[in-house]
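Just so you know, the protein sequences line up as chains A and B, in that order.
Counting from 1, one number per residue, gives the positions in the first sequence under the working numbering.
Counting from 1, one number per residue, gives the positions in the second sequence under the working numbering.
For the record, the hints were derived by calculation from the structure and aren't laboratory data.
Check the hints yourself; a few may be wrong.
[Stated by the list, open to error] Ranges between beta-carbon positions, derived for each pair:
| # | chain 1 | residue 1 | chain 2 | residue 2 | range |
| --- | --- | --- | --- | --- | --- |
| 1 | A | S632 | B | E436 | 24 to 32 Å |
| 2 | A | S632 | B | S21 | 30 to 38 Å |
| 3 | B | G198 | A | W671 | 18 to 26 Å |
| 4 | A | T61 | B | V474 | 32 to 40 Å |
| 5 | A | Y650 | B | L139 | 39 to 47 Å |
[Claimed, not checked] Only some residues are given here: those of chain B computed to face chain A with a beta carbon under 10 Å:
| # | residue |
| --- | --- |
| 6 | E156 |
| 7 | L164 |
| 8 | L167 |
| 9 | V210 |
| 10 | F468 |
| 11 | V471 |
The beta carbon of each residue, even a glycine, is placed where N, CA and C say it ideally should be.
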Amino acid sequence: MSNMQNLYLLVPMAPLVGAIAAGLFGNMLGRTWTHRITILMVAVSFLASLRIFQDVLDGHTFNGTVYQWMTSGDTRFEVGFLIDRLSVMMMLVVTFVSLMVHIYTIGYMRDDPGYQRFFSYISLFTFSMLMLVMANNFMQLFFGWEAVGLVSYLLIGFWYTRETAIYANLKAFLVNRVGDFGFLLGIGLVLMVFGTLDYAAVFATAQNHAHDMAPIPGVSWNLMTAICILLFIGAMGKSAQFPLHVWLPDSMEGPTPISALIHAATMVTAGIFMVARMSPLFELSDTALSFVMIIGAITALFMGFLGIIQNDIKRVVAYSTLSQLGYMTVALGASAYSVAVFHLMTHAFFKALLFLAAGSVIIAMHHDQDIRNMGGLKKYMPITWITSLIGSLALIGTPFLSGFYSKDSIIEAVGLSHLPGSGFAYFAVVAGVFVTAFYSFRMYFLVFHGEERFGKAHHAAHDAHDDAHAQHDEHHGLAPGQKPHETPWVVWLPLVLLAIPSVLIGYVTIDPVLFGGFFRDAIYVAEHHQAMAELKGKFHGAAAMALHGLATLPFWLALGGVATAWFFYMKRPDIPAAIKQRFSLVYAILERKYGFDEFNDWFFAGGARDASRFLWQFSDVKLIDGLMVNGSARLVGMFSGVLRRLQSGYIYHYAFAMLIGVFVLLTIRTWFE
Amino acid sequence: MSFLSTLFPAYAEIFLLVMVSAILIVDLFLTNPNKTVTYALVQLTLLGCSMITVSTHQHGVVYLFHNMFVDDLMSDVLKMLSYLSVSMMLVYSRNYLMVRGLFTGEFMALTLFALLGMMVMISASHFLTLYLGLELLSLSLYAMVALQRDSAIATEAAMKYFILGALASGLLLYGMSMFYGATGTLEVAAVSDAITHGVPNKALLVFGLVFVVSGLAFKLGAVPFHMWVPDVYHGAPTAMTMLIGTAPKLAAFAFVMRILVEGLQPLMVHWSGMLVILAVLSIAVGNITAIAQTNLKRMLAYSTISHMGFLLLGVLSGGIDGYGAAMFYAAVYVLMSLGGFGMIMLLSREGFEADTLNDYKGLNQRSPWLAFVMLLLMFSMAGVPPMVGFYAKFSVLSAVVNAGHIPLAVIAVLFSLIGAFYYLRIVKLMYFDAPESHVPISIQPDSGLLISMNGLAVLALGIMPGTFMSVCAVAVQQSLLLH
């Protein structure tokens, strides 16, 4: 057993070693050794995760403390691991995608001066994410939660000389603070009520508190509802759910490999994972579940709409990620936690694939990201083309591909839910299928098919979102007459390796994961939340599900979306322009992303600035600085001067002080006798 | 032979005594002005002492010489820390003293005699041995302060230290004699028993207690028995200041534990009240006066006074928590002081002492790494997490709160807050001001490495304080339960 424990420790520590080596000794190691070491470490971590996966399948789960950090009163703060089927699945996904992204980075960041720093960051991210998923207590969860947030911040602002990147990373950080505030309050409430931060101990007694009131003066909320909604607010920040979604599209300012790793495959799914992990708490509050479902449904549908009008290749994929995260959240609300995690896994593969493929296109286009300047790339980049097609098909839910199984299960599960709001959620996820298909294939057609629009001397003015380093101005698009090339093997190999699970993983694993009780004790579903059980009754094998899928509404909606995209952008490119003219109001709303950014800038940022100015000029400068700080400092300074003078340097003064001391002590002692 | 083998708990002290005598004689025949051989012998002696202390350690408590000498876990831990501290002090001060022509055989012999005095204090279980150790330590220190005999300020400091030290010794002896009069014994454990069984003249005991506490307060440098501290710290060569300011505080802690906790536990209500006065005054006067200082050595002297106040707070809270916290605090204080004085010596050179605050202006531009190490040390002294100084303060304060002295904890926190000012001022000077001199800093490899490790240890122990904290708690627990 201790042998396995060392292995558990190895999984997060190996990437940490890589991160330290690349971060502190990167210049000494040079580029080649930096990527060799970090890739080796992540590979070790992946292999160890595989071994643990096998061990967990044999029935060996683990929940224990590795290191006791400190105790405060009766509360112990510890580092510990909970290795069960849920965490081991996350470990596999994280280490595998991370490994792919590490390899891909060799090609993508080849010319970047911050090469070693980048490797250090992504390895550090891998460590943090693994600490998050392997945690057996809330404190470590919070540590991982904040650490991945920090690395995300660093990576969005990786090109720190670009103003847009700095704006984006600050925005991501601030929005996440809002979420984390709720999250921390939730953890605080757990600690207050349960007196412990240990998962197992909290879950074991959660049932006893199901009908308690929250210990918040002045309100009468159900305790579990309060805890769950607070925790979920954290998930809303991290997993970019409406209305805290605003940071994710801007996070595309970071280099593409991290868009794939952090802002699509792993970190943004931390919220989904966290809610699934907390299923014993969420199951006790129907109100919280309804809330989760409605937030997810809004995100799934309305963020999809925004994907339709984007012209930046990465932003299209980013909005698609938002929408897919909404799907997962809806599934959580329907108590179909295993389906949510299942979609998390399939999505991780095909969305990482789509992002890396987009990155490959960006390399070929010499860092021009505008899809209006592409077209006809199929001929020049066959591998990128075929893998992108696979990714897109998986994303829109083509039967037999992985996305179909997970997304269809979500739609079914929501249809079977009876919570308030499930009707709206069902509508949103079904309508979302059409939208997803439309924007995915709009991008696909514009990039890979049709007229070759690249290489024109003057493309549309580069907006600030170009993925190029500020110093590489010559890297803005192809020169006239220049043709794109397929990217080197380090770039396309990860595409191929990710395409394989994008196709197969759903077909192979749906039966055991969703219906074979794969998660066992890791996920708890209350008796009266029947969606999963009913879903199981309808399931007759993966092949049958796919064949049946051909006859259902979502499939035809997806097909319709693809067909519309083809008709609009291949056959009659004048129609979108005409629609844009006719429905300029709707277009403007979408263009401005429903006005969230403006509202946040005006209300929160502007309001905070005004309030701060008042507090600064009046409260701080006059009251605190003037009166309290400088006033007390002057007072202390005065005393200091007086006391200093006592140190006269004369030995008889010193001796006298001692004798006075003895006298005073004697007097006090005898006085009280 | 069997007599010798019964002496094993005192082997370290015996070995040290033999070695000092040998070094004194060997040194006479060495002509190398750098004293390399002597220095190596001294370091080897310290290594040997630590090996002996480790190998003669045994579980439980062993008495020797008719209950005058005791060997327990607490004494072993404190001795090990003292060896380490003295050894580090020698590394830091070697170059500093060599440049000033003070790196002599006498210096090293006196250092070892002082260490012997500390070890005797740490292991004393009899008022006479306590006094013997104290005097051996003090006489060595007086001589060391005066070692730079052509410096007026050093000889003045030595004179003050000697006269006031003699006065304090007198007070202490007078107090001890009253205990002897009241209980008829000088054995620590027997005194405790006698008091528990009832003493005819209680007033005599209380009088004795006041004098003994006054003597202790002088050794620790608690207010109002602190006046010697700034003058001596300032006047003595920095190497001697470092010696006075570090390891002897561990011995003084042991002294407090042996006399007050082991010997006079039944009088705790009386002495804890006195310690409250001393502690509060020390923390207040130390922190406030430090602000007005322009000399770093004087500032650290006042900082020491306030730290000793904190140590007393731990002791007066009582219980394993309180004593353990006080011991942890003492050890942490020693570590931080070694770094602080080490930095002064590292930056000084021939004819330049680097002991005024202005010498630290713009250090970051001259040597970013040293500035960073100094930042770690200052943050730790100020009690900023995650440096170990924070945990030291935290554990003392939590012991104080648990003992029910909440107003005391509030006062201590308030004055620490005021004290943070002068530590942070150094950081401000180093990072935000322009340097006044651009003389390149030349660092000896050994002391440069040591100061790096010293700074990083302050950080590392702060991140993982658990192990060392529990060592202190266990050491104190064993010595309390078994005596």
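Each hint tested on the structure:
A C-beta distance of roughly 30 Å is found between S632/A and E436/B, which places it inside the suggested range of 24 to 32 Å. Under the hint 30 to 38 Å, the C-beta atoms of S632/A and S21/B, about 57 Å apart, miss the expected range. Between G198/B and W671/A the CB atoms are about 23 Å apart, so this pair conforms to the stated range of 18 to 26 Å. At roughly 35 Å, the beta carbons of T61/A and V474/B sit within the given window of 32 to 40 Å.
Range check, Y650/A to L139/B: Cβ separation about 24 Å, and the 39 to 47 Å hint is violated. Annotation: E156/B was flagged as interfacial toward chain A, and the flag holds, the nearest CB pair being 9 Å apart, inside 10 Å. For L164/B, the interface hint holds, since its Cβ comes within 10 Å of a Cβ in chain A; the closest pair sits about 6 Å apart. Interface restraint check: L167/B against chain A, minimum CB-CB distance 6 Å, threshold 10 Å, status holds.
Because the closest C-beta pair between V210/B and chain A is about 5 Å apart, less than 10 Å, the hint holds. Because the smallest distance between the Cβ of F468/B and any Cβ of chain A comes to about 13 Å, over 10 Å, the interface hint for this residue is violated. Restraint check, V471/B versus chain A: the minimum CB separation of about 15 Å is more than 10 Å; hint violated.
In this structure, the hints that do not hold are numbers 2, 5, 10, 11, in rising order.
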